[in-house]
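Student: Listed below are the residues making up each chain.
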Amino acid sequence: MGTSRVGRAVIAGARGLYLSVVSLAGGIIFFVNAVLAIAFIPLGIGVLTTPVVLTGLRKHANLRRVQAGEWSDVHIPIPYRPFPPNMRRGLMGQVDRCHLMLKDPATWRDLQWLLVDMTAGFIVAILAPSLLLYMLYGWVLALGVWEPIYNAGGGEWYAFIHVTSQTTANYAAALGTGLFVVGLFLNPVLIRTHFRMARGLIAPTTSMRERELALRVDHLTETRHDAVDTSAAELRRIERDLHDGAQARLVAMGMDLGTIEALVESNPAKAKELLAKARQNSGEALTELRDLVRGIHPPVLAERGLGDAVKALALRLPVTTEVDVELRGRAEAPVESAAYFAVSETLTNAIKHAGAERIWVDLHHTDGMLRIAVTDNGKGGAAVGTGSGLSGIERRLGTFDGVLAVSSPVGGPTMVTMEIPCELS
Amino acid sequence: MRVVLAEDLFLLRDGLVRMLEAFDFEIAAAVESGPELTKALAELQPDVAVVDVRLPPSHTDEGLQCALAARRAKPGLPVLVLSQHVEQLYARELLADGTGGVGYLLKDRVFDAGQFIDAVRRVAAGGTAMDPQVIQQLLSRRSADQPLGALTPREREVLELMAQGRSNAAIAGQLVVTERAIAKHTSNIFGKLDLPVSDDDNRRVLAVLAYLDQGR
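Chains as they are written, first to last, in UniProt numbering: chain A, 1 to 425; chain B, 1 to 216.
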């Protein structure tokens, strides 16, 4: 217990030393540079340098956020607004970035924090090593060094003690020891205080969090719209298929059976011919219903889950497809279904548009995330957006907070990666 | 011949019982769930089992699982699996142990009573009866590849029927040619596909399927 307290205090002292250097030096450097960069915006140069400086500042602040969590269990969330995914490149991108960063209130809070960090933050941090190290000077005085200083006319003060004799030098040593003991208890608290001060300024404010929630609500509203639209379209398709297909065939069958009933005695040959036709109709109605079921909820998916359903799907493809599955359990039915159809559409794309000869599908689940990669050796050049099938898949996954990423250089290969947060059971 | 039948829909079960009885099969048991099927297979020692893939209580692939488990317990136990849909994945699982005596057919095949009964008898005798849909999927899947492309259309027809599990005599009957002609076609097919020649119907099918399976 004793040694661990000393150990913790010494570690906290070392961290305090580090933090004091970083907060003072980092504070001055970043504050001066940021103020200069922003001041030069009217001249044009600032537009280019501001994002660079601010990005550095964000890294500086993020490092402190990480240390706060690791060293003192002070959790500081990151408040910066994310950049939109389709940022322009080059000069114009930099201008956009500058604009977005200056609009982000977190930027201005970062700058305020720098001022506090290099003053109050610095003082709190430097206290931790000082409490431990000051004892050494007290003892150095007490061991005789006070005498030459005093004889040379120096009025040496140790804290509030005027050291003029061995007695007062001893007091200094005792005070130093006392401070050391205080440091043993106080040092971890000091470091935590330093981080708490940082949290006050660089954690998201309530209004920031509200804004984040509002964005989230917007996103959910949008994906819900998509989901509703998709399922409505799906229902219309099913209704039409039933109406034009199986239902019509059953009606035709009923009519044939009625005719057969009338003919069975007067014209048995004709009746027999119609019977064959009725049987054929019933078989075709079944085939159509079967295809319809496969389009709504594939039987293997219902019976075995995602892994085997994708394997079964691969077996029906005209292209050699390797499927690698590492799933311990099954996801919820809607997630399985979305993932299955996303894979199915991706595979169709690879065969139809990419002209692939080989396809690899990899399914696994780690860290609460279902990850699916579909790679093909086709001609590449696939892109999300522009009304492609891929944006349909993206919408499908969006309902479950899933994301889609496509890497498809012209000439191939194409790799489509999907991630859906979900738990397996 | 004693049959254990497993089908959860009453209408279908009843229809199958009547059809099998009409063709002189003895129904040892007609059950409607997985556990009942497992029990019946263990206790009644039937000559053949006709099993629906999807059975209660799980309503997933319980029937298939029960059949596979029963075959592990008693290798070669003849099982004909019926399903609303056919999947190569399941066909492979049934054929995997290589002991024969398996069938996997779409439920609609019972519409043609003669062919269905023929399939049941073939499976009971240790042969195979694979649904044409499974075979067609397999064939179309490999059609672009050599040397399957080297087959003549007639040879492909013969290969398709052979892979379903039919004997030369049955194939000859279906294609309305002599058995000698079929024997010639089959030896050509075996030559082109580099398959070992075998007199045994069941081994013949397994060889075809193994060939179609390779290189995946």
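Calculated directly from the structure, the hints in this document are not laboratory data.
Check the hints yourself; a few may be wrong.
As a list, the in silico DSSO-like pairs of lysine-lysine whose alpha-carbon atoms are at most 27 Å apart [claimed, not checked]:
hint: 1; chain 1: A; residue 1: K103; chain 2: A; residue 2: K59
hint: 2; chain 1: B; residue 1: K74; chain 2: B; residue 2: K107
hint: 3; chain 1: A; residue 1: K277; chain 2: B; residue 2: K107
hint: 4; chain 1: B; residue 1: K74; chain 2: B; residue 2: K184
hint: 5; chain 1: A; residue 1: K352; chain 2: A; residue 2: K379
hint: 6; chain 1: A; residue 1: K272; chain 2: B; residue 2: K39
Student: Go through the numbered hints given earlier and state which of them the structure violates, listing their numbers in rising order.
Tutor: Violated hints: 4, 6; rest satisfied.
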